[in-house]
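Asker: Sequence:
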Amino acid sequence: MLIRFGFEIIVDCPAPVPMLLALSTHTEFQGRLIGQDYVRSTGVTPIRSYVDRYGNRISRAVADQGRTTFWSDCATEIVGEPDNQPDYAIQHRIEDLPDDTLTFLTASRYCDSDSLSNFAWATFGATREGWPRVQAISTFVHNHVTFGYKFGRPDKTARDVLEEKSGVCRDFAHLGVSLCRAMNIPARYASGYLGDIGVPDTGFDDFCAWFEVYLGGEWHTVDARYNVPRIGRILMVRGSDASDVAMITSFGGYELASFRVWTTQINDGTSDNDILSMMETLPPPRSGGPDFGLAMPGAVHLF
Numbered sequence: 004m005l006i007r008f009g010f011e012i013i014v015d016c017p018a019p020v021p022m023l024l025a026l027s028t029h030t031e032f033q034g035r036l037i038g039q040d041y042v043r044s045t046g047v048t049p050i051r052s053y054v055d056r057y058g059n060r061i062s063r064a065v066a067d068q069g070r071t072t073f074w075s076d077c078a079t080e081i082v083g084e085p086d087n088q089p090d091y092a093i094q095h096r097i098e099d100l101p102d103d104t105l106t107f108l109t110a111s112r113y114c115d116s117d118s119l120s121n122f123a124w125a126t127f128g129a130t131r132e133g134w135p136r137v138q139a140i141s142t143f144v145h146n147h148v149t150f151g152y153k154f155g156r157p158d159k160t161a162r163d164v165l166e167e168k169s170g171v172c173r174d175f176a177h178l179g180v181s182l183c184r185a186m187n188i189p190a191r192y193a194s195g196y197l198g199d200i201g202v203p204d205t206g207f208d209d210f211c212a213w214f215e216v217y218l219g220g221e222w223h224t225v226d227a228r229y230n231v232p233r234i235g236r237i238l239m240v241r242g243s244d245a246s247d248v249a250m251i252t253s254f255g256g257y258e259l260a261s262f263r264v265w266t267t268q269i270n271d272g273t274s275d276n277d278i279l280s281m282m283e284t285l286p287p288p289r290s291g292g293p294d295f296g297l298a299m300p301g302a303v304h305l306f
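Residues in the sequence shown are numbered from 4 upward in steps of one, following this note's numbering.
Source of the hints: derived by calculation from the structure; they are not laboratory data. Possibly wrong hints are sitting among the right ones.
The calculated label-pair distances, taken between Cβ atoms and stated as ranges, are [to be verified]:
# : residue 1 : residue 2 : range
1 : 51        : 203       : 37 to 47 Å
2 : 207       : 33        : 19 to 29 Å
3 : 125       : 43        : 45 to 55 Å
4 : 135       : 106       : 23 to 33 Å
5 : 97        : 72        : 25 to 35 Å
6 : 271       : 168       : 24 to 34 Å
7 : 126       : 274       : 44 to 54 Å
Think of the CB as a built atom: it goes at the ideal place given N, C-alpha and C, for glycine as much as any other residue.
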């Protein structure tokens, strides 16, 4: 399967603002890239990248005073199969877990799993361990939380999501992560591209958040927002929660003037040269999605 993916983000800064941008594919992304997915800019300040402890590729930039456009446009060839649902996957005893999974059992900034422990065990304690328990948690979150951009806010924790019963995709993921951790299942936050492939077209593309659980010796994708296997997922970032992998971390105030994402399936058999020619111009905007022109104060995370 061939997919074109990218973004265009325009910021308006009253003065130069240092930024960290988590907007590239993950180092463990399995697709074959056609073109380069590095972050580019209309500004004159060079952008350089590093890899953080979670394997995320982070770009460092200083947005100029006035308007700066950050963008990326790339394509990938991936296996066009839906997310795996491993009914056979077992839950490990704590003493048998690999060392590098243990950090994903503890509470983090937005995943306050310690405060949800009693609720989690009362609600899911009777479910069968392993994948059936994870699926029960995903189904609960999917049914319990109402999606809407108006429900998102930067300080919202998993407990807030549980109590308010509303949120954006990152809130679905945070609640799922927290409930799994409360049940002693290692869980981590993930985000990336997920277009309307194999499902009805919403008319609007956006980044999407989901989570991953460690069962049966492997990490598995779980998406409580949709709660069905999806096709065409492109991994960008992983972390304990969204605070580790904010799309933009700024060290100064700015206005988010424009934000758009594209994830479009390309006809199978299209040559690499034809795809590269296609990417000489950015795709036209699509309607729908949240409103922008948002004022961002100093030292903020944009999820």
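Asker: Please go over all the hints and tell whether each is borne out by the structure.
Answerer: Status of each hint after checking the structure:
The hinted window of 37 to 47 Å between residue 51 and residue 203 holds, with their beta carbons roughly 41 Å apart. Under the hint 19 to 29 Å, the C-beta atoms of residue 207 and residue 33, about 26 Å apart, fit the expected range. A hinted range of 45 to 55 Å for the beta carbons of residue 125 and residue 43 is consistent with their spacing of about 50 Å. Taken as a hint, the range 23 to 33 Å holds for the pair residue 135 and residue 106, whose Cβ atoms sit roughly 25 Å apart.
In this structure the hint that residue 97 and residue 72 lie 25 to 35 Å apart at CB is violated, the actual value being about 48 Å. At roughly 41 Å, the beta-carbon separation of residue 271 and residue 168 lies outside the given 24 to 34 Å, and the hint is violated. Separation of residue 126 from residue 274 is about 52 Å and conforms to the stated range, judged on CB atoms against 44 to 54 Å.
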